[in-house]
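S.K.: Using the sequences and the accompanying hints, generate a full structural model.
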Amino acid sequence: MTTGWTHYEGASGVLTEPVDETRDHIMGPSDAAVTLVEYGDYQCPFCVQAHPVVAALLKADGPPIRYVFRHFPLTTVHPLAEPAAEAAEAAAAQDRFWPMHDVLFSNSPALEGEDLRRYARALGLDERKFVRDLVERVHAPRVRADFLTGVRSGVSGTPTFFIDGVRHDGAFDYPVLRAAVEAAARSSAGRR
Amino acid sequence: MTTQQALPIGAHAPDFSLPSTPDQKVALSDFRGQPLVLAFYPADWSPVCGDEMVLFQEVFPEIRRYNAELLGISVDGVWSHLAFAKDRKLTYPLLADFEPKGEVSRAYGAYREAEGTSARALFVIDRGGVVDWSYLSPVGVNPGADGVLRALESLSQRAKVMA
Numbered sequence: 001m002t003t004g005w006t007h008y009e010g011a012s013g014v015l016t017e018p019v020d021e022t023r024d025h026i027m028g029p030s031d032a033a034v035t036l037v038e039y040g041d042y043q044c045p046f047c048v049q050a051h052p053v054v055a056a057l058l059k060a061d062g063p064p065i066r067y068v069f070r071h072f073p074l075t076t077v078h079p080l081a082e083p084a085a086e087a088a089e090a091a092a093a094q095d096r097f098w099p100m101h102d103v104l105f106s107n108s109p110a111l112e113g114e115d116l117r118r119y120a121r122a123l124g125l126d127e128r129k130f131v132r133d134l135v136e137r138v139h140a141p142r143v144r145a146d147f148l149t150g151v152r153s154g155v156s157g158t159p160t161f162f163i164d165g166v167r168h169d170g171a172f173d174y175p176v177l178r179a180a181v182e183a184a185a186r187s188s189a190g191r192r
Numbered sequence: 001m002t003t004q005q006a007l008p009i010g011a012h013a014p015d016f017s018l019p020s021t022p023d024q025k026v027a028l029s030d031f032r033g034q035p036l037v038l039a040f041y042p043a044d045w046s047p048v049c050g051d052e053m054v055l056f057q058e059v060f061p062e063i064r065r066y067n068a069e070l071l072g073i074s075v076d077g078v079w080s081h082l083a084f085a086k087d088r089k090l091t092y093p094l095l096a097d098f099e100p101k102g103e104v105s106r107a108y109g110a111y112r113e114a115e116g117t118s119a120r121a122l123f124v125i126d127r128g129g130v131v132d133w134s135y136l137s138p139v140g141v142n143p144g145a146d147g148v149l150r151a152l153e154s155l156s157q158r159a160k161v162m163a
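Residue numbers (the numbering used here), protein chains in the order written: chain A, 1 to 192; chain B, 1 to 163.
Treat the hints with caution; some may be incorrect.
Reference excerpt, derived from the structure (chain A facing chain B, CB under 10 Å, subset only) [stated by the list, open to error]: (1) THR16; (2) PRO18; (3) VAL19; (4) GLY28; (5) ALA32; (6) PRO73; (7) LEU74; (8) THR75; (9) THR76; (10) VAL135; (11) SER153; (12) SER156.
Quick list of simulated restraints, FRET-style, between CB atoms [claimed, not checked]: (13) ALA140/A x SER17/B: 34 to 42 Å; (14) TRP98/A x SER154/B: 33 to 41 Å; (15) ALA114/B x ASP95/A: 52 to 60 Å; (16) ARG186/A x GLU115/B: 38 to 46 Å.
Simulated from the structure, these hints should not be mistaken for laboratory data.
Note that the coordinates shown come from a computational prediction; the quantities given were computed from them, not determined experimentally.
C-beta atoms are modelled at their ideal positions from N, C-alpha and C, and glycine is treated no differently.
M.R.: Printed below as a string of C-alpha cells:
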C-alpha cells in the first residue's frame with residue numbers, strides 16, 4: 001500500500017449538482033423510481049451509440065425513469081460538439097430541446113452550421129432567431145455551466161451516466177444499463 | 001518490482017528543468033509565487049475520447065482563474081509532445097521527462113517501473129513550492145479534474161484567510 005497520497009473522498013463518483021427541475025432538460029416523471037443523468041457530447045461516437053440505448057430504456061416496461069441530459073462537449077477534439085450543444089439550447093429556447101437532441105444524435109457527425117440550420121427548419125423553429133442565437137453565442141454560458149458541473153462531479157469523458165446521483169462506471173449497452181437502473185429502483189423502493 | 005514511495009503532502013516539490021520544445025526548458029522554479037498543477041500521464045496519443053490531457057485543456061480556463069499554471073509531464077520526447085499538442089490543440093506545456101528517462105517522475109513517486117512510463121498522477125504545488133494535494137489514479141482511469149479544482153479552491157481560500 002502506497003502512503004502519502006490523498007485520495008479525494010466524498011465527491012468522486014457522485015453527482016455534485018443535483019437535478020434542478022427549473023433548469024435541467026428532463027424527460028419522464030419527477031416522481032420516477034430512478035433518475036438517470038447523462039453528460040454527453042453530440043460529436044462523440046460513444047454518445048451516439050448510447051442514444052438509442054437510453055431511448056429504449058425510457059420506453060421499456062421497467063421502472064419509471066427520469067432522464068436528464070447535460071452538455072459535456074470536448075471541444076478541442078470535437079469542434080462541432082459546442083455549436084451542436086448550443087443548437088440544442090437554441091431549440092430549447094423555443095421549447096424544442098428533445099426533438100433537436102434526437103436529431104443531433106441521429107445525424108451526428110453531420111453537425112456543420114448548414115446542417116444545424118437544416119435541422120432547425122425541419123423542426124419548424126423560428127430560423128432567424130435560431131441562427132441569431134448561434135451567431136451571438138447566446139447559449140454558450142449555459143453549455144459551459146453544464147460542462148463545469150460535470151467536471152466538479154468527476155466526469156472525465158463521455159458519455160458519463162449517474163444513476164440516482166452515483167456514477168455508473170460500467171458499460172452502457174442496454175443489458176448493463178437496464179440492470180443498473182433496476183438495481184437502483186429496488187434500492188430506492190427499499191428506502192421508501 | 002520496487003514500490004515507489006510517493007511524494008507526500010507537505011513535501012518540498014523537487015525542482016526540475018525539462019524541455020517543452022526542442023529549444024525551450026521549463027523549470028519548477030519558474031512558477032514560484034503561484035499555484036502549479038502537475039499532471040503526470042503515461043503517454044501521448046492515448047486513443048480514447050475522454051483523454052485526460054484533452055479534459056485538462058477544457059478545464060484550463062478554470063485553472064487560470066486561480067492564477068495557477070498547468071504542466072503535463074510524460075516520458076515522451078519533445079517531437080512527440082509537439083505533434084500531440086498540435087493534434088489535440090493543447091495550449092499548456094507538455095514536458096519531456098525523456099533524458100534521463102523518467103527522472104522527474106521518479107522524484108515525484110509517479111513512475112511505473114514495469115511499464116517504463118509516468119504514472120497517472122496529479123499534484124497541486126502551492127506558491128512556496130510545497131505539495132498541497134496529490135492524487136495517484138488507478139491504471140487506465142482518467143482521474144478527472146474535480147480534485148484539482150477543489151485543491152486550487154481550497155488553496156485560494158486559505159491564501160485569503162492568511163492575507
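S.K.: For every hint, state whether the structure bears it out.
M.R.: Okay, the hints, checked on the actual structure:
Annotation: THR16/A was flagged as interfacial toward chain B, and the flag holds, the nearest CB pair being 8 Å apart, inside 10 Å. Taking 10 Å as the C-beta contact cut-off toward chain B, the hint placing PRO18/A at the interface is violated, the least distance being around 16 Å. Interface hint at VAL19/A: violated, since its Cβ lies 18 Å from the closest Cβ of chain B, which is beyond the 10 Å cut-off. Because the smallest distance between the Cβ of GLY28/A and any Cβ of chain B comes to about 26 Å, over 10 Å, the interface hint for this residue is violated.
Interface hint status for ALA32/A: violated, as the beta-carbon distance to the closest one in chain B is roughly 27 Å, over 10 Å. At a threshold of 10 Å, the smallest CB-CB gap from PRO73/A to chain B is about 8 Å, leaving the interface hint in force. Here the hint on LEU74/A is kept, as its CB sits about 6 Å from the closest CB of chain B, short of 10 Å. For the restraint placing THR75/A at the interface with chain B, the shortest Cβ-Cβ distance is roughly 7 Å, inside the 10 Å limit, so the hint holds.
Because the smallest distance between the Cβ of THR76/A and any Cβ of chain B comes to about 4 Å, under 10 Å, the interface hint for this residue holds. At a threshold of 10 Å, the smallest CB-CB gap from VAL135/A to chain B is about 22 Å, leaving the interface hint violated. Nearest Cβ of chain B to the Cβ of SER153/A: about 7 Å, under the 10 Å cut. The hint holds. The interface hint given for SER156/A holds, since its Cβ lies 4 Å from the closest Cβ of chain B, which is under the 10 Å cut-off.
Separation of ALA140/A from SER17/B is about 39 Å and conforms to the stated range, judged on CB atoms against 34 to 42 Å. Distance hint check: the CB atoms of TRP98/A and SER154/B are about 39 Å apart, consistent with the given range 33 to 41 Å. ALA114/B and ASP95/A have their C-beta atoms about 56 Å apart, which keeps the hinted 52 to 60 Å range intact. Between ARG186/A and GLU115/B the CB atoms are about 41 Å apart, so this pair conforms to the stated range of 38 to 46 Å.
Going down the numbered hints, you'll see the structure goes against 2, 3, 4, 5 and 10, while the others check out.
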